[in-house]
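Once you've looked at the hints, dock chain B against the given chain A.
Each protein sequence line maps, in turn, to chains A and B.
Quick note, the first sequence lines up with residues 1 to 553 if you use this note's numbering.
Quick note, the second sequence lines up with residues 1 to 553 if you use this note's numbering.
Errors might be hidden in some of the hints.
For chains that are exact copies, the list does not tell them apart, and a pair is met inside one copy or across any two.
[What the hints assert, rightly or not] With a Cα cut of at most 25 Å, we get these calculated PhoX-like pairs of lysine-lysine: (1) Lys301 / Lys521; (2) Lys263 / Lys323; (3) Lys166 / Lys429; (4) Lys263 / Lys321; (5) Lys255 / Lys321; (6) Lys471 / Lys104; (7) Lys429 / Lys496; (8) Lys429 / Lys521; (9) Lys471 / Lys484; (10) Lys263 / Lys301.
If you are wondering where the hints come from, they were derived from the structure by calculation, not from laboratory data.
Number of protein chains: 2
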Amino acid sequence: MASHGFWFLGAENASGNGSQSPNTPRAWCQAAAQKFSGGIGSKLCALLNVGEAEKTAQAPVKAEDGSTAESCGCNKPCNCSKATVCFSDLYATDLLPALNGDAKTMNFLQEVVDIMLAYIVESFDRSTKVIDFHYPNELLQRNNWELSDEPETLDDILISCRATLKYAIKTAHPRYFNQLSTGLDMVGLAADWLTSTANTNMFTYEVAPVFVLLEYVTLKKMREIIGWQEGHGDGIFSPGGAISNMYAMLLARYKMFPEVKEKGMSSVPRLVAFTSEHSHFSIKKGAAALGIGTESVICIKADERGKMIPSDLERRIVEAKQKGYVPFFVSATAGTTVYGAFDPLMAIADICKKHDIWMHVDGAWGGSLLMSRKHRWKLNGVERANSMTWNPHKMMAVPLQCSALLVREEGLMQSCNQMQACYLFQQDKQYDLSYDTGDKALQCGRHVDIFKLWLMWRAKGTIGFEAQIDKCLELSEYLYNKIKDREGYEMVFDGKVAPVIKARMMEYGTTMVSYQPQGDKVNFFRMVISNPAATFEDIDFLIEEIERLGQDL
Amino acid sequence: MASHGFWFLGAENASGNGSQSPNTPRAWCQAAAQKFSGGIGSKLCALLNVGEAEKTAQAPVKAEDGSTAESCGCNKPCNCSKATVCFSDLYATDLLPALNGDAKTMNFLQEVVDIMLAYIVESFDRSTKVIDFHYPNELLQRNNWELSDEPETLDDILISCRATLKYAIKTAHPRYFNQLSTGLDMVGLAADWLTSTANTNMFTYEVAPVFVLLEYVTLKKMREIIGWQEGHGDGIFSPGGAISNMYAMLLARYKMFPEVKEKGMSSVPRLVAFTSEHSHFSIKKGAAALGIGTESVICIKADERGKMIPSDLERRIVEAKQKGYVPFFVSATAGTTVYGAFDPLMAIADICKKHDIWMHVDGAWGGSLLMSRKHRWKLNGVERANSMTWNPHKMMAVPLQCSALLVREEGLMQSCNQMQACYLFQQDKQYDLSYDTGDKALQCGRHVDIFKLWLMWRAKGTIGFEAQIDKCLELSEYLYNKIKDREGYEMVFDGKVAPVIKARMMEYGTTMVSYQPQGDKVNFFRMVISNPAATFEDIDFLIEEIERLGQDL
Numbered sequence: 001m002a003s004h005g006f007w008f009l010g011a012e013n014a015s016g017n018g019s020q021s022p023n024t025p026r027a028w029c030q031a032a033a034q035k036f037s038g039g040i041g042s043k044l045c046a047l048l049n050v051g052e053a054e055k056t057a058q059a060p061v062k063a064e065d066g067s068t069a070e071s072c073g074c075n076k077p078c079n080c081s082k083a084t085v086c087f088s089d090l091y092a093t094d095l096l097p098a099l100n101g102d103a104k105t106m107n108f109l110q111e112v113v114d115i116m117l118a119y120i121v122e123s124f125d126r127s128t129k130v131i132d133f134h135y136p137n138e139l140l141q142r143n144n145w146e147l148s149d150e151p152e153t154l155d156d157i158l159i160s161c162r163a164t165l166k167y168a169i170k171t172a173h174p175r176y177f178n179q180l181s182t183g184l185d186m187v188g189l190a191a192d193w194l195t196s197t198a199n200t201n202m203f204t205y206e207v208a209p210v211f212v213l214l215e216y217v218t219l220k221k222m223r224e225i226i227g228w229q230e231g232h233g234d235g236i237f238s239p240g241g242a243i244s245n246m247y248a249m250l251l252a253r254y255k256m257f258p259e260v261k262e263k264g265m266s267s268v269p270r271l272v273a274f275t276s277e278h279s280h281f282s283i284k285k286g287a288a289a290l291g292i293g294t295e296s297v298i299c300i301k302a303d304e305r306g307k308m309i310p311s312d313l314e315r316r317i318v319e320a321k322q323k324g325y326v327p328f329f330v331s332a333t334a335g336t337t338v339y340g341a342f343d344p345l346m347a348i349a350d351i352c353k354k355h356d357i358w359m360h361v362d363g364a365w366g367g368s369l370l371m372s373r374k375h376r377w378k379l380n381g382v383e384r385a386n387s388m389t390w391n392p393h394k395m396m397a398v399p400l401q402c403s404a405l406l407v408r409e410e411g412l413m414q415s416c417n418q419m420q421a422c423y424l425f426q427q428d429k430q431y432d433l434s435y436d437t438g439d440k441a442l443q444c445g446r447h448v449d450i451f452k453l454w455l456m457w458r459a460k461g462t463i464g465f466e467a468q469i470d471k472c473l474e475l476s477e478y479l480y481n482k483i484k485d486r487e488g489y490e491m492v493f494d495g496k497v498a499p500v501i502k503a504r505m506m507e508y509g510t511t512m513v514s515y516q517p518q519g520d521k522v523n524f525f526r527m528v529i530s531n532p533a534a535t536f537e538d539i540d541f542l543i544e545e546i547e548r549l550g551q552d553l
Numbered sequence: 001m002a003s004h005g006f007w008f009l010g011a012e013n014a015s016g017n018g019s020q021s022p023n024t025p026r027a028w029c030q031a032a033a034q035k036f037s038g039g040i041g042s043k044l045c046a047l048l049n050v051g052e053a054e055k056t057a058q059a060p061v062k063a064e065d066g067s068t069a070e071s072c073g074c075n076k077p078c079n080c081s082k083a084t085v086c087f088s089d090l091y092a093t094d095l096l097p098a099l100n101g102d103a104k105t106m107n108f109l110q111e112v113v114d115i116m117l118a119y120i121v122e123s124f125d126r127s128t129k130v131i132d133f134h135y136p137n138e139l140l141q142r143n144n145w146e147l148s149d150e151p152e153t154l155d156d157i158l159i160s161c162r163a164t165l166k167y168a169i170k171t172a173h174p175r176y177f178n179q180l181s182t183g184l185d186m187v188g189l190a191a192d193w194l195t196s197t198a199n200t201n202m203f204t205y206e207v208a209p210v211f212v213l214l215e216y217v218t219l220k221k222m223r224e225i226i227g228w229q230e231g232h233g234d235g236i237f238s239p240g241g242a243i244s245n246m247y248a249m250l251l252a253r254y255k256m257f258p259e260v261k262e263k264g265m266s267s268v269p270r271l272v273a274f275t276s277e278h279s280h281f282s283i284k285k286g287a288a289a290l291g292i293g294t295e296s297v298i299c300i301k302a303d304e305r306g307k308m309i310p311s312d313l314e315r316r317i318v319e320a321k322q323k324g325y326v327p328f329f330v331s332a333t334a335g336t337t338v339y340g341a342f343d344p345l346m347a348i349a350d351i352c353k354k355h356d357i358w359m360h361v362d363g364a365w366g367g368s369l370l371m372s373r374k375h376r377w378k379l380n381g382v383e384r385a386n387s388m389t390w391n392p393h394k395m396m397a398v399p400l401q402c403s404a405l406l407v408r409e410e411g412l413m414q415s416c417n418q419m420q421a422c423y424l425f426q427q428d429k430q431y432d433l434s435y436d437t438g439d440k441a442l443q444c445g446r447h448v449d450i451f452k453l454w455l456m457w458r459a460k461g462t463i464g465f466e467a468q469i470d471k472c473l474e475l476s477e478y479l480y481n482k483i484k485d486r487e488g489y490e491m492v493f494d495g496k497v498a499p500v501i502k503a504r505m506m507e508y509g510t511t512m513v514s515y516q517p518q519g520d521k522v523n524f525f526r527m528v529i530s531n532p533a534a535t536f537e538d539i540d541f542l543i544e545e546i547e548r549l550g551q552d553l
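Excised from the complex, chain A in its bound form (with noise of 0.2 Å):
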């Protein structure tokens, strides 16, 4: 899966063939004002143009609010009606709990609303600008972005609104392989809205009844899709793949030496970890935080396609045991963050095995696999690890952010972090306190990050998600092979290439892919295929457009 300039790691829905020729804004703007034939149109022109010059671009916008007045007599809360508010007279304090703020409160929202669904519309049309793109200091003179004493109107912060939109990467663009985290989910972005208007902490059962439900479902769903027996075991979702690989190392550290919870690391041997030189920074950045150290994070060779080599790492484990070291955690990766490489699950578990110490599968990237019966023999073995971490939020498109960490066995995560707080976690309620998960985690009040995985899966069943990611392993081949024999690839050896054409994608906003170097390895693009939006077409244009960005090169 390799190539100079490019790595990749593995979209779905086409949607139309994309224009080859990028378009002005105003060009743009027309043909999408021709596609809707009411005021939506009109709306994505003031989007568009709205931030250039806050003050005067709310003109057009007010002209055509106003080119509307008569209210369309439905008595919805819909834009018809919107005419009769003008938002320059109304502040915050206009809004719910005020007094007869119902009609207001809903008008402001739907305003708002509006304005996003102009930008989601706008964000997957391949025409548009995957990125306005500004250096800091244009982009703080661009706009008042300054806070001050006195409020502003409504009609400000709609403004505001835009010019936010307007200045942000479109990261649901189909052309947008950036991170490992792209594509905009319709489901999940409804989930999303859901859960911030439910406004409530994982914490207890009693605040967030159904949610500690639903992560109940789900977590036990992705431990039976692991292969662990009947779903048995713990869980929890964490505010990103850093920190749930940072509990798996807690866990791994409080299972061997519980004394460490109560007297710390001086109460303990020196202990050890390894995983291998392509780990993600967060395996080195937790060693740090718990106090092992970084010089106690052992990297283990990998070969050239940049997995684990297990010989190393049994090497390297018995050498640390001689020097009087405790090896107690091994971090495999199931999709390597620059490679998307796969360490061999089976062969670590077997060492792991014969010398006691922790498996964790690191699966942030390439966990999703699992839900693809072509793919998942990739990561074969993960049913033995210790713990895992999986990121809905990656491969999957779940909207950032979904982190889980699977952990087989049960109860463990409790006694490890439990305080016991009181004033939270009252023994004395009237229900079933095993619902109460908030002693397990590290935080104390937890973002509800649960209801859009699982009202995208019930939306697309285990065989949407299959498909989907069947799909970007797909387009990833289709890559592979189309330049694998192209002329200019293979010959990038100047390391200033890749930041170049990097460089002026962000300044065209065509498209935008990461670069790095690895190793011995000069810059190259990584390419990230995990845009659900993506099509082939969509990779043909990536070659061309990095072929025309680096031609004088």
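Below, chain B alone, put in the same frame as chain A:
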């Protein structure tokens, strides 16, 4: 600010008179239907009934939509045209990025928005229940929450959305006093919806240009308010107060012993931290995670009002030094979790200076008082701290999650946490790299928590937040005065009274307040006043309700 049976901490716009007699859902539904002449009333009605029997509840929604089947002709993405879309024939795969998915997507999202708008209006209505309580096993049976292989229709997805909100706790309800995070701010909500729509990550300017700048602007403003010269310093928005406190402890340790990052705790002498016996459990949780150990957190005595006693702090520091331990961290609490007490920061700062110890202020709850010219004296001395936790998602009522860690010394976070991953923090990018904040964080990906705070601040102004906080404190004083001489409250010596009243409260669903014991005190209600929707009448209602529910005890 204390009384047996009640301890309370610190709401805003009034919204009419609350009805003292909770109506049945059906009665409320009829009232709501009268309030709105159009479909929204019926929608509220449907919302209330859905979930009882999911499939039957579907009928009235359809009937209602069917009855307004003709379009209003406005051609905008509003309710009017929804009647033409039959969600029971559509699946997630029909939405964007599907070909011609624009209109279907807008109709689907609009339907979800309508469900949410109905929920929001209902949440602020005092005649509705705070909670429709069911025991976990019962709730599991009330709906099909399972995940399956096959996809569900968008109609089923909408039913799931309605059911989820039906059983949610209405945290926006004016009579929800249960947690430190209460209320639902409409501008904050709009901002959180927009954040979800932008679906990006805080780690680099490249993928979150506007949000990175807004975090910069807002953190600087917060540091100015703390009183650090010209707002100099550093900071980050973290996933919650517990993580913010853990960051502070990590920084304090690194500042004193930078070698701990590479070499771990075995390279340093035994470190000890100090905090009051009333402090939040996250201090101990952090110490356990960081390898310091809970036994190295020395709890300092608090006075009868819950404030740390400085002389006891100094005594314990001297004692620890005599034992050869190294005091490295004092966490003072500004607004304790249970009593809402403020530790004497000036005296603590003197001690920390004398002994050269990092001073942290955990102002997760009480930090917001800095926004009030009337009440900020309670935090006098905070400007002398090395770091501060301040959660705008508590008394400032920003939607969850929104927690800031502020640090006086610039650059320390970066050197403490950086791992310089070359695939993310490339040093040959075209823009000013100081805007790539990701390497300061313990996390790799980081959720965008800034936009809702920034937008609310713009909408309210500093004076708007001040008014909101002053109102909370005013309500708190009102409650104190009302119950201090009231019969029944001082005499609660039986620890079983509060749990029984709380259980009945949840079953009736009329209001929610938390309880707990503390030290030698039996269970008492912990009254939290941070809900901007609460009024004097709601406080009256709470008192009456506690008496009504507990009259036979």
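Each hint, compared with the structure:
no., hint, result
1, Lys301 / Lys521, "within (16 Å within a copy, 59 Å between copies)"
2, Lys263 / Lys323, "both (24 Å within a copy, 16 Å between copies)"
3, Lys166 / Lys429, "between (49 Å within a copy, 22 Å between copies)"
4, Lys263 / Lys321, "both (23 Å within a copy, 18 Å between copies)"
5, Lys255 / Lys321, "within (19 Å within a copy, 32 Å between copies)"
6, Lys471 / Lys104, "between (45 Å within a copy, 23 Å between copies)"
7, Lys429 / Lys496, "between (63 Å within a copy, 10 Å between copies)"
8, Lys429 / Lys521, "between (59 Å within a copy, 18 Å between copies)"
9, Lys471 / Lys484, "within (20 Å within a copy, 67 Å between copies)"
10, Lys263 / Lys301, "between (34 Å within a copy, 22 Å between copies)"
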